[in-house]
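A.B. asks: Sequence:
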Amino acid sequence: MYEHTDMEFKIDHNSAIPLHVQVEEILRKMIQKPEYQEGKLLPNEVDIAKKLGISRSTVRQATSKLVYENLLIRKKGVGTRVAKNNITTKLKKWTSFTHEMDEKGMVFRNYSLKVNYIAPDAEIRRLFGIKEGEKILKLERLRGPEHKGPIVYFISYFHPRTKLTPEDDFTKPLYEMLEHDHHIVAAVSKEGISAILADAKLSKLLNVKVGDPILFRKRIVCDPGDRPFEYNIGYYRADRFTYTIDIER
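One rule links them: number in my numbering = place in the sequence shown (from 1) + 44.
There are no misleading hints in this set.
Pairwise CB distance ranges, derived in the manner of DEER restraints:
(1) Val229 / Ile61: 21 to 31 Å
(2) Lys179 / Asn88: 53 to 63 Å
(3) Ser59 / Lys234: 26 to 36 Å
(4) Ile117 / Gly193: 18 to 28 Å
(5) Lys54 / Pro210: 38 to 48 Å
No lab work stands behind these hints, which were simulated from the structure alone.
Glycine is no exception: its CB is placed at the ideal position from the N, C-alpha and C atoms.
Make the full structure from the sequences, and use the hints.
C.D. replies: Here you go:
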């Protein structure tokens, strides 16, 4: 262990977790600190390697991973700094958006929250296996970091068996509320992601220009019996959000 002027690094050389993964986690925590978010350069790789008692190549491997995820920007002769205004989410382990942002130490808020009953279209009726005319709950949320404005717009449609109503507290983490209050467990998220251009509505909601790139995601959330109970679509500002995928052989 060594103490740096900005934070404390800890490496467990006896751990089964690879050293580069441990360094990667140290860097993820480090770059959340206000001074690095505001542009301060990270310590150079040689200094980090010496302090941790590991090779520079191990530090470089960890740093390169975060550069690949667009969390860091590395410039030769200058140093490495945090990529401004970028949030990365992984498609390796699915969790609720709220919990994922909490793990990153980021405070998100709802800039707008609307809940109402609607008559779903044919696509959603087929997905949920419900009859024409049956009403379902629709939830719209415009979300973003505290004091920085919205960067994501979510629309969710829920199967009637969830028994959700507009009176439920949707300010709570959604899947935690579903499990505790309605005994609905989110087990699997089936996702599709594509790139679209912002139309007039998205331009206004997400504070981007018409024609700016938007990350568009469709999500079907199923219970342990593989029964869909939520159909969710999400629109992310492409300049503020990155999806990464870890694929193991």
